[in-house]
Amino acid sequence: MAIIDIEIMKLNQNIRKIEAKDLDFIYKSICELENEILDFEVFETIFNENISNSKNLYLIAENENEGLGFISFHTQNLLHHCGLVGEIQEFFVHQKYRGQGVGRLLINEILNFAEENNLKSIEVTTNKKRVENVAIYENLGFTLSHNKFTIYK
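Counting from 1, position 52 in the sequence shown corresponds to residue 52 in UniProt numbering; the numbering is continuous, with no gaps.
Among these hints, one or two may not hold up.
[Claimed, not checked] DSBU-like cross-link-like pairs, simulated, lysine-lysine; straight-line CA separation at most 30 angstroms:
hint, residue 1, residue 2
1, Lys17, Lys55
2, Lys17, Lys28
3, Lys128, Lys96
4, Lys17, Lys96
5, Lys128, Lys148
6, Lys28, Lys148
These are computed hints drawn from the structure, not numbers from a lab. Keep in mind it's a predicted model, so treat the numbers as computed, not measured.
With the hints as constraints, model all of the structure from the sequences given.
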């Protein structure tokens, strides 16, 4: 048995689709990820809209006591891919559970979903200030292939 498997078993971890009852955990996680307190009412509206959209997959990793992390995944048909493409929008593992295979388990669920739904590719973007994420995503099998440009309004 691999080290990751042993560590995951110690966590007694479960992965399931996110539900409305998970709002507080997701809100706190995103605020921590962004290092900012977001408008809760606006967040709640977007959260409920996104988890009810059948083109999205929102998953939470939890043990019997608490949430460990979550991932949000949106799909869309793109002309330049001539098919369905998925993008990880948010990906968060609580600090005390990092390095224990939680993130890999969440990514594996996304990979399974992508295979079952014949996705052409899976994309993820990370903020330049999160330098450590490049190595993490490469370790998970992603290739650094694009530049992303943004205009904030």
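Hints and how they fare:
| no. | hint | verdict |
| --- | --- | --- |
| 1 | Lys17 x Lys55 | holds (13 angstroms) |
| 2 | Lys17 x Lys28 | holds (18 angstroms) |
| 3 | Lys128 x Lys96 | holds (23 angstroms) |
| 4 | Lys17 x Lys96 | holds (22 angstroms) |
| 5 | Lys128 x Lys148 | holds (10 angstroms) |
| 6 | Lys28 x Lys148 | holds (27 angstroms) |
Consistency note: the structure conflicts with none of the earlier hints.
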